[in-house]
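Engineer: Protein sequence lines, in the order shown, are assigned to chains A and B.
Using my numbering, the first residue of the first sequence is number 1, and each one after it goes up by one.
Using my numbering, the first residue of the second sequence is number 1, and each one after it goes up by one.
Be aware that a few hints might be false.
[As the list claims (entries may be wrong)] Quick list of in silico lysine to aspartate or glutamate cross-link-like pairs, EDC-like style, CA-CA up to 20 Å:
1) K171/A to E158/B
2) K53/A to E158/B
3) K321/A to D44/B
[Said to hold, decoys possible] Output of the computed footprint for chain A on chain B, the stretches with three or more beta carbons under 8 Å from beta carbons of chain A:
4) 50 to 64
5) 118 to 126
6) 130 to 139
7) 177 to 188
[Stated by the list, open to error] Chain B residues, not near chain A, derived (Cβ > 10 Å throughout):
8) N5
9) R9
10) N17
11) N75
12) N167
Hints listed in this document are in silico derivations from the structure and should not be mistaken for laboratory results.
The beta-carbon is built from N, C-alpha and C at its ideal position, and this holds for glycine as well.
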Amino acid sequence: MSIPKTMFEKVWDEHVVVPETDDTPAVLFIDLHLTHEVTTPQAYTELRKRGLKLRRPDLTLATMDHSTPTRTEQVFGGVPIAVDSAAKQVKQLEENAREFGVELFNLQDSRRGIVHIIGPELGLTQPGKTIVCGDSHTSTHGAFGALAFGIGTTEVGHVLATQCLLQRRPKTFAINVTGKLPSGVTAKDLILAIIGRIGVSGGTGYVLEFRGECIAGLSMDERMTICNMSIEAGARAGMIAPDATTFTHLEQAPRAPKGDAWLAALERWKKLPTDAGARFDRSIDIDASTLVPMVTYGTNPGMVAPITGSVPAQGDAVFQKALAYMGLTAGEPIRNVPVNNVFLGSCTNGRLSDLRNAARVLRGHKLAQGVKMLVVPGSQNVKRAAEAEGLDRVFLDAGAEWRESGCSMCLGMNGDLVPAGQYSISTSNRNFEGRQGVGARTLLASPETAAASAIRGRVTDPREFSSN
Amino acid sequence: MSIVNIRSRTVVLPTSNIDTDQIIPARFLTSTTRAGFGKNLFADWRYDSAGNPKPDFALNKPEANGASILVAGRNIGCGSSREHAAWALQDFGIAAVISTEFADIFRTNCLKNGLVPVLVDEKTHAWLLAHPQAEVTIDVEQSTLSLPDGTTVKFPLEGFARYCLLNGVDELGYLLSKDEAISSYEERAAYQQTHR
């Protein structure tokens, strides 16, 4: 009988090219390298300087998402990209992809989208793979039982040149989620509650494994929302065991293995879940059935409150600074905080089910007076699928804008910005100061809460609209 | 470039959870080179809306001029993986960052650029926060931080990272030297790799 292993340990062990020693980190093989325009230019420059080639173009994919425009006329209409430096990055990625032989989904490609949305759509995100990208939300792919994490640009260069990384083995942290999410409470609320509990550095040095009956009952989209925000707890990665839900998703994906290769892959994937008796370095239990919708009130994702609750009554200097930035008062109820802007999208909540869930709340309603809402599908594929079922009409009829895919207002690199001093309820992942624009005040929430708040123009519990 | 000792006055930013969006806001990430990020380091904390330096921000104070060691609140560098944060600090003239906690990706990015992350205990940290402009010395070989009163504290620095800092070793060169092992892994594990 071999020693029971966690899923993380199985994936790690499979990918060790050179084992770690006291003096040297492990050389770890990377199965999939996702790349985009913002964190790669300097890496290609380094390769060029050293006369190096791309080791595995077949394991590398490039897309454009972070700085790209979402206005249709700038994507498809021949109108120049408004942000000059972004236009330059897009051009540079095209040149680099051509020179180094990387498959690129360029601005007009029908398969383009946010890097963490398209990997799973294509079926390139698979159980047991090691996946990296120069983006912290690479943790999203862990929803499939992959070991997926964000890296800096120097490491992007390492993977381009060698398909490997130097890594010390992280520790393991089990998040056991029992019970079922009550009606109107979403995966976004669950991960916000987890971050609120363990804190924004509670996961530092760990790979999280989300486990338990609640997690097993979630869809792939919901699992991705959870793993996506593992990084907001500081975790190296987040993982969820692959199961029938995972396999059903992959079976329909264009680049998943087919035929005999599919059967062989299934055999491997079924062996990945954590063995009974395997030991985690740390674990906590969360009861999902007690949760309510969650909304952040501060300037990091750990500063979060139940929608039925209030901003905490007191806190340290950082808390005071955050409240001053947010224009909120200690002890004030989170419900009824004014909302001027609504952002529905991002790698956290920009998938088809997210748009459906928001549309279900919004259908037949108008945005409150003065509220602006931007709906940005996570990929062109999501956009087409949403249009095919008329979701775009629901948003447009309500008075929202319907855009082309990209990271957009999650980080405001492309000019999609929240004006200073205004409140934005956002389905994205970070409420840091200035994240959505200088002086912008971000309230993170689920698509349902964002939609309900759009109708009332203030933070609103989506369960008030549950009859829809 | 090899890094052995850093002796400098400190500049203190006591805020905890300083995320990389604060260190270098996303709108400045559109450069395609590594150079020049220092002018936008902490841009939204450092400049007012007209672009003038805010006199009360620590890095703008005259006494911060020339200080190359940043003492930051707990959990510095959380959030985005942008290496531009390390580049911006370095371009500004920061050679080492001291805190009680570092976000994983930020710590890696620092080390890859020869920016020394110095993890200290709460007591040392509290002293440093209370004494801005303290003249301290970081000895990379011994992995120690020496305070003005002669107190010396050890900080954790993984052996390989220390070796690379001290000898200016380039990690990509090291990885490239493993070419044979990588090739043999690729043959052995070909089944698990997806091709387009």
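Engineer: The structure should be examined with respect to each hint, and the outcome stated for every one.
Structural biologist: Status of the hints after comparison with the structure:
1. For the given pair, K171/A sits about 16 Å from E158/B by alpha-carbon distance, which is consistent with the 20 Å threshold.
2. A C-alpha spacing of about 30 Å is found between K53/A and E158/B, which places the hinted pair above 20 Å, so the restraint is violated.
3. A distance of roughly 14 Å separates the Cα atoms of K321/A and D44/B; the hinted pair therefore holds under the 20 Å criterion.
4. Taking a C-beta to C-beta cut-off of 8 Å, the segment 50 to 64 of chain B contributes 0 residues in contact with chain A, too few for the three needed, and the coverage statement is violated.
5. With a cut-off of 8 Å between beta carbons, the segment 118 to 126 of chain B has 0 residues touching chain A; three or more are needed, and the interface restraint is violated.
6. Coverage of a stretch by a chain is defined here by at least three residues with a beta carbon nearer than 8 Å to that chain's beta carbons; for the segment 130 to 139 of chain B and chain A the count is 0, and the condition is violated.
7. With 6 residues carrying a beta carbon less than 8 Å from a beta carbon of chain A, the segment 177 to 188 of chain B meets the three-residue requirement, and the given coverage holds.
8. Even its closest Cβ contact with chain A, about 22 Å, leaves N5/B beyond 10 Å, as expected for a residue assigned away from the interface.
9. Interface exclusion of R9/B from chain A stands, the closest Cβ pair being 23 Å apart, more than 10 Å.
10. The claim that N17/B is not at the interface with chain A is violated, since a C-beta of that chain comes within 10 Å of its own (minimum 5 Å).
11. A Cβ of chain A approaches the Cβ of N75/B within 10 Å, the least distance being about 4 Å, so the stated non-interface status is violated.
12. With 10 Å as the threshold on Cβ separation, the claim that N167/B sits away from chain A holds: the shortest Cβ distance comes to roughly 13 Å.
The structure is inconsistent with the numbered hints 2, 4, 5, 6, 10 and 11, although it conforms to all the rest.
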